[in-house]
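Enquirer: Sequence:
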Amino acid sequence: MSLLGAVNRCVDSIGNNTQTLSWTLLRVLGSAMFMTHGWPKMFGEQAQPFLGGMGFFGIDLYVNMLWVAGAIELFGGALLVLGLFTRYIALLAAVLMVMAYLTAHPAWFPTLNNGELATMYFLVYFALFSIGPGKISLDSMIRGRG
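If you read the sequence shown in this note's numbering, its first letter stands for residue 345, the second for the next number, and so on.
No lab work stands behind these hints: they were computed from the structure. C-beta atoms are modelled at their ideal positions from N, C-alpha and C, and glycine is treated no differently.
Heads up, simulated SDA-like pairs for lysine to any residue below, C-alpha to C-alpha not over 25 Å straight-line:
1. Lys-385 - Leu-418
2. Lys-385 - Asn-457
3. Lys-479 - Phe-466
4. Lys-479 - Thr-364
5. Lys-385 - Leu-423
6. Lys-385 - Glu-460
7. Lys-385 - Ala-422
8. Lys-385 - Trp-411
9. Lys-479 - Phe-419
10. Lys-385 - Ala-448
11. Lys-385 - Leu-428
12. Lys-479 - Leu-423
13. Lys-479 - Phe-429
14. Lys-385 - Pro-450
15. Lys-385 - Leu-426
16. Lys-385 - Leu-436
Simulated DEER-style distance windows between Cβ atoms:
17. Asn-361 - Met-443: 35 to 45 Å
18. Val-351 - Phe-453: 28 to 38 Å
19. Leu-461 - Ser-357: 26 to 36 Å
20. Ser-357 - Met-443: 38 to 48 Å
21. Asn-457 - Arg-353: 39 to 49 Å
22. Thr-447 - Thr-380: 17 to 27 Å
23. Ser-357 - Ala-448: 42 to 52 Å
Can you make the complete structure from the sequences, with help from the hints?
Expert: This is how it looks when you write it as structure tokens:
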């Protein structure tokens, strides 16, 4: 038995035993941080009105999409923390991050246009959409898998 083989088995064992915890931490902490972006849009000093356009982006819409984004970030983030309606909310959040990236970060590479956060949130929520909420979630408890 080689030392490298023993180290590999040890690392694999630790990794396999922490999958549930790490997936839950990614969902909960990522979504809690996501909520901090929604709060100021809805209730902070720069709260957005429900009606009106995004004039500073040159987009006139009846419903203010920044308010909609804030609602998804705040309330969707809260549902994701709980692991409730995870795939639906994660898909919505991933689409929101694509829209945020395309409207607020026009250069093509995230590190050149300050779009790293939108890109990372997209990756987190696309993974949650693809894989699901994990064992420690209300979705899993409701479905009897928790």
